[in-house]
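S.K.: Chain order of the listed sequences is A and B.
Mapping to this note's numbering: the first sequence position 19 is 19, numbers consecutive.
Numbers in this note's numbering are just positions in the second sequence, counted from 1, shifted up by 184.
Calculated directly from the structure, the hints in this document are not laboratory data.
No incorrect hints appear here.
Capping the alpha-carbon separation at 27 Å, the derived lysine-lysine pairs in BS3-like fashion look like this:
1. A:Lys13 to A:Lys51
2. A:Lys2 to A:Lys17
3. B:Lys223 to A:Lys13
4. A:Lys2 to A:Lys176
5. A:Lys13 to A:Lys176
6. A:Lys51 to A:Lys17
7. B:Lys270 to A:Lys51
8. A:Lys108 to A:Lys13
9. B:Lys264 to B:Lys223
10. A:Lys51 to B:Lys264
11. B:Lys270 to B:Lys223
12. A:Lys2 to B:Lys223
What follows is a list of derived Cβ distance ranges for each label pair:
13. A:Glu78 to B:Met185: 32 to 42 Å
14. B:Ser226 to A:Asp55: 19 to 29 Å
15. A:Lys13 to B:Gly210: 29 to 39 Å
16. A:Thr145 to B:Thr209: 49 to 59 Å
Glycine included, each C-beta is placed from N, C-alpha and C at the ideal position.
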Amino acid sequence: MKEISLNILDVAKNSVKAGAALTTITLNETEETLTLIIGDNGCGMSEETVKNVCDPFYTTRTTRKVGLGIPLLKLSAEQTGGSFEIISRSQEDFPDDHGTTVTAVFYKNHIDFTPLGDVVFSIVTLIQGDPDVDFLYTHNMPQGTVSLDTRELRAQLGDISLAEFEIIAWISEYLKEQYAELNA
Amino acid sequence: MTVTELSHAEGFEAVNLSEGDREITGVYIGDLLSWVMGKATSGDSWITIMSNINILAVASLTDCACVILAEGVTLEDDVKTAAQSKGINVISSQLSAYEIALRLNTMINNE
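So that you can see chain A by itself, here it is in the shape it has in the complex (with noise of 0.2 Å):
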């Protein structure tokens, strides 16, 4: 994909899918890497299902026979010299401790380097789309840390849905803002 950010929102979504109560979206940046770390509490996959994400042919999906969001993600990732990582554990083998964990790390100084993008508008889409789920989204950098936590926010409104237009404008400037205070 053009931006690292299209990815999040892509394999973000699997989690949702997957029944996550929460999803943890975290970014971590030093001069050199991006790595990128995707975790969530839904149902997992099993063993064999792990081993088959990464082949564009395999989708969960019925519409269409083929699945590119891990792939693409994989490729993005090692085309920059970086690594790609998904471990699972399944409701089934795990009732007390499942889910689902892909890590991606991404050179930044390799020219193949794809730039991280809107990453607000991809964690803004999220919220969005699944107001009724949780996301925790943390991004470290040198210069300090952006974060945002659904659960704080949803304790805060009480019966308000995050999906409210206000709502969704407010995180959008606050995630912002945090950025622009940082890059000051």
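For chain A, the structure is supplied; the task is to place chain B on it using the hints.
M.R.: Below, chain B without anything else, positioned relative to chain A:
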């Protein structure tokens, strides 16, 4: 022009011709797979220098007539096997994407 006919033309070589009688109706050039996925259309011959297994998925999704590997790019054996089993036509060439497109233009227009 069919994919088999193209594979016989000078400068082109067949890598896999599962459905060699497919007609080539257009050309698309691109290497960013997610982009190609949204832009290439059915019947295109898609010229690329990428060679990982994902190109087969993109070709399948977009219903390309064939993938043309430019500049002498080759496929690993496992990708070649996958092309056979998924029925994706693949042709290779030493030519650049530009030169391939020029030749395709001539061949398609001379029909």
